[in-house]
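Take the two lone chains and join them into the complex the hints point to.
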Amino acid sequence: MTHTKTTILAALLSATALSGAYAADPIKIGVVTPLSGTYAGIGQQVKWGLELATKEVNAAGGIMGRQIELSYEDSEANPSVAVQKAEKLFEVGKVDFLTGTVNSGATLAVGQVAERANKLLATTVSFADSITGDKCSPNVFRVNAKAGQQSTALAAWLAKAHPKAKVFYLGPDYLMGRSTVAAFQEAAAKVGATNLGEVFAPLDSKDYSQYFGQIRAAQPQVLYTSVAGNDTVRLFTQMQEFGLLKNLTVLGASGTVTSQNIGAIGKAAEGFTTGVGYSAEIDTPANKTFVAAFKAATKAEPDLYGTDSYGLIYAYKAAVEKAKSTETDKVRTALRGLTWSTPQGDKTIRAGDHQAMQIMYVVQVTDGKFKIIGQVNGEEAIGPNTCTRH
Amino acid sequence: MSATLEYFQYVLAPQMLIGLVLGVAVILVALGLTIIFGLLDVINMSHGEFYALGAFIALALGSIGLPFWLLLILVPLVMLPVGYIVERGLIQRVFHTGDRHVTTLLLTFGLGLVLEDTFRLVFGPNPYKPETPIGGGVDVFGIFIPSYRLFLIVIGAVIIAAVAFVVYRTRLGAMVRAAAYDRHMAASLGVPVQHVYAGAFAFGVALAGLAGVLLAPIYTVFPTMGRDFILMAFTVVIVGGMGSIAGVVVAGLLLTQIQAIVSLYISPVWSDPIVFGIMVAMLMVRPQGLFNRLGHG
Numbered sequence: 001m002t003h004t005k006t007t008i009l010a011a012l013l014s015a016t017a018l019s020g021a022y023a024a025d026p027i028k029i030g031v032v033t034p035l036s037g038t039y040a041g042i043g044q045q046v047k048w049g050l051e052l053a054t055k056e057v058n059a060a061g062g063i064m065g066r067q068i069e070l071s072y073e074d075s076e077a078n079p080s081v082a083v084q085k086a087e088k089l090f091e092v093g094k095v096d097f098l099t100g101t102v103n104s105g106a107t108l109a110v111g112q113v114a115e116r117a118n119k120l121l122a123t124t125v126s127f128a129d130s131i132t133g134d135k136c137s138p139n140v141f142r143v144n145a146k147a148g149q150q151s152t153a154l155a156a157w158l159a160k161a162h163p164k165a166k167v168f169y170l171g172p173d174y175l176m177g178r179s180t181v182a183a184f185q186e187a188a189a190k191v192g193a194t195n196l197g198e199v200f201a202p203l204d205s206k207d208y209s210q211y212f213g214q215i216r217a218a219q220p221q222v223l224y225t226s227v228a229g230n231d232t233v234r235l236f237t238q239m240q241e242f243g244l245l246k247n248l249t250v251l252g253a254s255g256t257v258t259s260q261n262i263g264a265i266g267k268a269a270e271g272f273t274t275g276v277g278y279s280a281e282i283d284t285p286a287n288k289t290f291v292a293a294f295k296a297a298t299k300a301e302p303d304l305y306g307t308d309s310y311g312l313i314y315a316y317k318a319a320v321e322k323a324k325s326t327e328t329d330k331v332r333t334a335l336r337g338l339t340w341s342t343p344q345g346d347k348t349i350r351a352g353d354h355q356a357m358q359i360m361y362v363v364q365v366t367d368g369k370f371k372i373i374g375q376v377n378g379e380e381a382i383g384p385n386t387c388t389r390h
Numbered sequence: 391m392s393a394t395l396e397y398f399q400y401v402l403a404p405q406m407l408i409g410l411v412l413g414v415a416v417i418l419v420a421l422g423l424t425i426i427f428g429l430l431d432v433i434n435m436s437h438g439e440f441y442a443l444g445a446f447i448a449l450a451l452g453s454i455g456l457p458f459w460l461l462l463i464l465v466p467l468v469m470l471p472v473g474y475i476v477e478r479g480l481i482q483r484v485f486h487t488g489d490r491h492v493t494t495l496l497l498t499f500g501l502g503l504v505l506e507d508t509f510r511l512v513f514g515p516n517p518y519k520p521e522t523p524i525g526g527g528v529d530v531f532g533i534f535i536p537s538y539r540l541f542l543i544v545i546g547a548v549i550i551a552a553v554a555f556v557v558y559r560t561r562l563g564a565m566v567r568a569a570a571y572d573r574h575m576a577a578s579l580g581v582p583v584q585h586v587y588a589g590a591f592a593f594g595v596a597l598a599g600l601a602g603v604l605l606a607p608i609y610t611v612f613p614t615m616g617r618d619f620i621l622m623a624f625t626v627v628i629v630g631g632m633g634s635i636a637g638v639v640v641a642g643l644l645l646t647q648i649q650a651i652v653s654l655y656i657s658p659v660w661s662d663p664i665v666f667g668i669m670v671a672m673l674m675v676r677p678q679g680l681f682n683r684l685g686h687g
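Those sequence lines, one after another, are chains S and V.
Using my numbering, read the first sequence as starting at 1 and increasing by one per residue.
Using my numbering, read the second sequence as starting at 391 and increasing by one per residue.
Among the clues, some could well be false.
As the list claims (entries may be wrong) - Below, computed lysine to any residue pairings styled on SDA-like, alpha-carbon distance capped at 20 Å:
no.	chain 1	residue 1	chain 2	residue 2
1	S	LYS267	V	GLU521
2	S	LYS267	V	GLY525
3	S	LYS246	V	TYR518
4	S	LYS267	V	TYR518
5	S	LYS267	V	ASN516
6	S	LYS246	V	ASN516
Everything labelled a hint here was simulated from the structure, so no lab data went into it.
In isolation and in its complexed conformation, chain V is listed as follows (with noise of 0.2 Å):
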């Protein structure tokens, strides 16, 4: 029993905690992701891109002096506009073509090309790494976790519950809920549909920009750091059920603790084939995803 204990404490809980600050990484990106998808059907293949412009956003503005704490709120306003100009001046171009999933799906697969070059470009091919903004660590039940990490799933679970708030309780996310069931009934009632979309989509990249600023410290920054997390985002929305909040939630903790304990027993580099498996299987089974789509049911 006490054998059993120890490995617990020692190997499965320390695990587990581990496996838990990526899934809070996951869900942060995976966020924006859905609400981008479930409100316009749009895929945002440029997603990751943008998680990376803010990255590199807080990355220009924390190497003028500007401190950690104040980038968290402003590289999510910086990024609103930035969000709000491609929703309205590219994506709404293609929106109302027949085949909206193909358009817009190639649309935003060029815009994530074109930004990850301008990285290139503008930041050089090397690595970045931001100055973790708390240092050192704590014992949590006699585990060792670095305080940034903890932070991370502290305000990871914080803004969880302001985005299921401003959706689910509030009457702007009450006007999102709408258009997203029906636009032209939204409309027809005084929604400003027009401007729901450009704000949902600007919500969604603010989202990605806020996931760059909080996990540079851990993951780095670089040109292609948008491919990083953007296939477990993916898998996670399709997993959740895609344009579900909750869906993100539960899929996202469930894959990446899926991962993390698998890789304890066999080679890790089965641990990412094995959560796509779980996502091939859940289209085949249940496609609509664990949740329903955000405005439904």
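Only chain S is shown next, with the shape it has when bound in the complex (with noise of 0.2 Å):
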């Protein structure tokens, strides 16, 4: 009798041993971030916010029974070597999925891997409208919100906090700086803003009051820049030694204020107004238990970048149980259209060109700290599908 039972015993073990070994073959998600560089603070997000949903999803049993494993390969902010990196993980590495791209140059090299590979591509971070507009895959997805999107919501704020503004546009001399500045335009332009000029300044300028004479001249009510990082401190704190910034509204790009540079703004910053995807400030009891989450993790409050990543591991969740595989094809019919829930409320992907819709939030430097002062819907910010192929 003991004999028998001590053989079923056995036999349950070995069952529950081989079941294991079935259910430990995880999930691969591949991140190719930037670890180092310029934009190491950007991956530090996307990786913290990914860890903790994954912690979280394979804590609560994983998706289908299957732990997800996260394989990290460093972009250094370089598409090109972010496209060895991609081509490596999905070789070599033989990942299911990809994200973690920053920069808009390494996520649209990395959707041509993931094509020539058949495999998908989700960026948490990148900004140009080209992504999923005139330069769309089919195997490239995006969660975060795009610079048409914010610009968007901003520009439908500008048009009921200042009906008809006047408004003076200041940008960074390169690519991004351009198009950011004409994005606005156009979403100025259509709600009714006059635009009274533009200068654009070179990247890292030390002295921005050789523009403040064309500024003076131009009589704007509202100044739209879209300069970044050390530039930002300086146009701003120079903007108030030389009093411009009296009886001015300041709107920006959402990289223009962040955390790495408010503190040296100082009260310069009071009042910059720009669109983003998502505040630390949202007041549901969604984004409010992710916070709590997010500290107590990494000990920092999760920006846009983070919580983004970390609404990715859900949807990519969501679209495998939906396909019930992990498959490309499958989960990228499952992703089109799909609608999940996330720390900023629910987000729904557009079949059409990848983009996800979402609430988008207008927020304001009040007391050195950001506060939501307005929101726009998902479907008033997105504006038309440009993408041709899907």
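Pasting the structure below:
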């Protein structure tokens, strides 16, 4: 009798061991993200967001009983390095899905690698409209808000706060700077704002005071800028020094004032307004739970990159469970039109261009911190579908 | 006629005044560079990082509560021994090789990289903005200028005059010029050449540090700030005549005025290429620059 019992026990044990081995066969998600270099701070948030969601999903039983495994490669914020690392993850790492690309050039380049490998890529960071616009790919998804969504939200707020505003534009003189200024000029024109002129300053300009004469002469009510990093510190503090911030509303791109430079800008940042896809201030139970969990895990506050990366894992989980497979074609079909919940509310992936629709927020610097002062519906902010390849 | 006057008052004059501030800033950085080059025949590639070091020391001392006015004196004093040690401990080691220009250039370039990474390790990559010591602004003939920028022009002029006085009118300056002209002859006449060299290097480095303290409230403090003025400062030294103090002042004012005025008419992106174009043209036509070397002519 005892003998039989032992046999049964042994059989049961081996069975669980076997099924254990099967269940432990993980779903591999590759992450090509900058872990060093200029964008290392963004890569860090991406990593934190993905890891927190992965931990939660795995603790709750994984995706269809399979655990998620993340494999990292450092893209060094360089598109050509990102391409090599993506190829390595697809061919050697045998990953089922890829994410993490930060700069838009890297996302576009890695998207082509994904197409050749017949795998899917989702970016949680890149802003360039072209990724889900004229350079869209059937293998590329974007779960974060693109530049166009940010500027539409900001323009909608401008129309209410300053109807028929007279706007002057100052951008950094390179592709990103010129395209953000052009995007906001277009969005502002639609809501009846007047364009008083534009000036493009070289990247890393020391002294912006040489443009102040032009700005003064134009007498704008609103200044839109898309400078970033230390350029913002210099522009804003020098404008304050010259008394230019009086009676002027300053708007900008979402990367203009960040946690990295807001301290150095100090009082000159007060009143700065921008459109974003996420703010840790969002007052919903889902976001509060998320922020608390994020802070507990990382000792840092989540930004939009961390939050959108966190949300991606849940989008992928929902899609794989809907498709009952990790096969590229089935997951792609499942992702198209998928609605899932994230800390910033429900998001829906538009089937036509693979761009996530979401509520957009307008935030303003008050007492040194961003406060939400308005929001715009997802349908209103996303704009027309210009993708012709799906 | 009144349109021309108005254009001058509201467009051209403010632009020239802003250019003057930038000119003084560039001259302050270039002064130390030209003294070091004129005397030691060393192209100090780490000069920009010494400028940054001055700003960071001011930042650190300012954060423990020392007032800005004290820092203006204290930081150059701290920089003096730093410069002295760098000259005696590092530069002298490669100074007497046949390829002095190459070895000292590589040495100071490497030193600059080490300093820049040290700033990053100690202070982090994010920028700091020291409080502007003098707030507000004044009207100069109807042109608005922030008070601190006006102060910068005045103190810049004082520093330039003081440096010129020390180099051209004092016994110390005479020793420096003598050593620059012929170090062997100077040594045989009892000039302590070794100390004059190290002292002049320290003086140049202290000037860079002083520029760092003065310019930090306008241009912010961050690890790579040393690269900001260095290309322009080198251009000014080359156009003005390597080692010439008058040359630095004339070329510094001239080039920054050209930049300021040109950027009114064409895209500001072109203001750097234009200045470097002038430098190349100068090297082709008159390689010795506008003025003669320190201690010569």
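Hints that the structure is at odds with (numbers, increasing): 3, 6
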